[in-house]
Structure formats: C-alpha cells, structure tokens
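Full structure from sequences and hints, please.
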Amino acid sequence: MNEINYRPIQVSDYDGLQALLQNEWYSHYVAKDREITQAFVQLDLHNCLMKSSFGYVAVSDDEIVGVILGRIQANAPKLAMFTQDITANILTLITEESPIVAELAQIFQNRHSANQAMKHKITSHYEAEAVLFIVSAANRGKGIGSGLWQLIQEEFKQQHIERYCLFTDKWCNYGFYDYKGLQRIESYTVNENASEPTHFLYEGEVH
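No gaps in the numbering here: position 55 of the sequence shown is 55 in the numbering used here, and each next residue is one more.
In case anyone wonders, no lab produced these hints; they're calculated from the structure.
The structure displayed is predicted, hence computed values, not measured ones.
Fair warning: there could be bad hints in the mix.
Said to hold, decoys possible - Once the Cα atoms are required to be at most 20 Å apart in a straight line, the calculated SDA-like pairs of lysine to any residue come out as: (1) K170 - N2; (2) K157 - G181; (3) K180 - T168; (4) K78 - N23; (5) K51 - E203; (6) K51 - D13; (7) K121 - E155; (8) K51 - E155; (9) K32 - Q73; (10) K121 - Q73; (11) K180 - Q150; (12) K121 - E186; (13) K51 - L151; (14) K180 - S146; (15) K142 - N2; (16) K121 - T198; (17) K170 - L21; (18) K170 - K157; (19) K32 - L21; (20) K78 - V11; (21) K51 - I72; (22) K78 - E154; (23) K119 - W25; (24) K121 - R184; (25) K142 - V59; (26) K121 - T189; (27) K170 - E203; (28) K32 - N47; (29) K180 - V190; (30) K78 - D13; (31) K170 - E186; (32) K119 - D169; (33) K142 - Q106; (34) K170 - R111; (35) K142 - V11; (36) K119 - T189; (37) K142 - Y174; (38) K170 - F108; (39) K32 - E103; (40) K170 - Q106.
What follows is the structure in structure tokens.
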C-alpha cells in the first residue's frame, strides 16, 4: 500500500480538493456537461471553505485522497482565504440553458432545505461542526477515514470543544458516524412520498 501522509490544508490544495469533490460526488454529471458540473463543484467547495476554520488532507503519491474540514463557532472561518473567485462560475450557471443546471440546482436546494429544517435541533451547546468529509472510493478500507477523523477530534479537543454536529445524507457513508459513536438526532425527507429519510443531523462528543 502506498504511504498515506496527513497534513493541514494548504492554499495550493485547491485543485486537488476540487478534483476529489468532483470525482466522488459529481462524476455522474461530468459526462452530461463538464463545464456546468465543474461550476457547481467550485460553488460547493467555495461554500465549504467559506465557513471552515481548519482542515486536513490525506495525500498519497502527491494526490489528495481524503479531506476533512471543521468549523469552530468561536473562531473565524480561516479557510475563506483559500477560496477562489467564482464569479465566472456563477455567470455560467445563470446564463446556460441546460437541463443539468436545473438538476444540480435542485440538489443544492434540497440540501439547503433539509439542513435548515433540521437546524432547529441545534442549540448554543454546539460549539463546532464537521463541515466536509470525503475519502476517495479507490482508497477506502485503508484507515484513511479514521485517520482524518482522529485529526478533527484532536483539533476539537485542543480548542476545548465538547460537542459538535454534522449534516449528511443517505448518499454518503453515514454508517461511519454510527460506528464512531455519534448520535443521529434528526432526519429529513426531501420528498414526502419517499419511504426513507434522505438527510440526517448527527451530534458527537469529544472525549
């Protein structure tokens, strides 16, 4: 197995983070319209970085194969400086007449609606949030997820955080959070006719 190195996120990681996000969450849409998909990927990454206080990446052979971003309520979103100008991407999205624009926009809207609906469970005792957590499919089962998770737990502990939350959905490996002992405190179904929830809110304690 190739060696896995963990380190704090750097400004130069932007392209690697974009590639990881695109490959793991948006690959299905790239074949439909690469330009539109990349615009949404950058918008998604921008939103995550804008509210994150810190982050770590897992690197193998100079490729980012995992990332975890965290936000501490009392700290400034330091990773906002890592973002890039997405004006061109926004213009692409609002000027293109493509079915995929509506499809991806609906995904964003569903996520936003779900998170807003579940936020009523969040009170002032949540001092932090796990914002983004991805491990490339090709590198799962190697302990990378646990390695990144340990880093965010150590960061929370150093900052004297006791409780944190995270939002996720059924398309992610949310069983990992059950395995790590987090509690699912709320769920949300985007389509009221769906047979199972689509989005979840978890809470965790730092030990």
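Hint check, failures only: Numbers 1, 4, 7, 9, 18, 23, 28, 29, 33, 35, in rising order.
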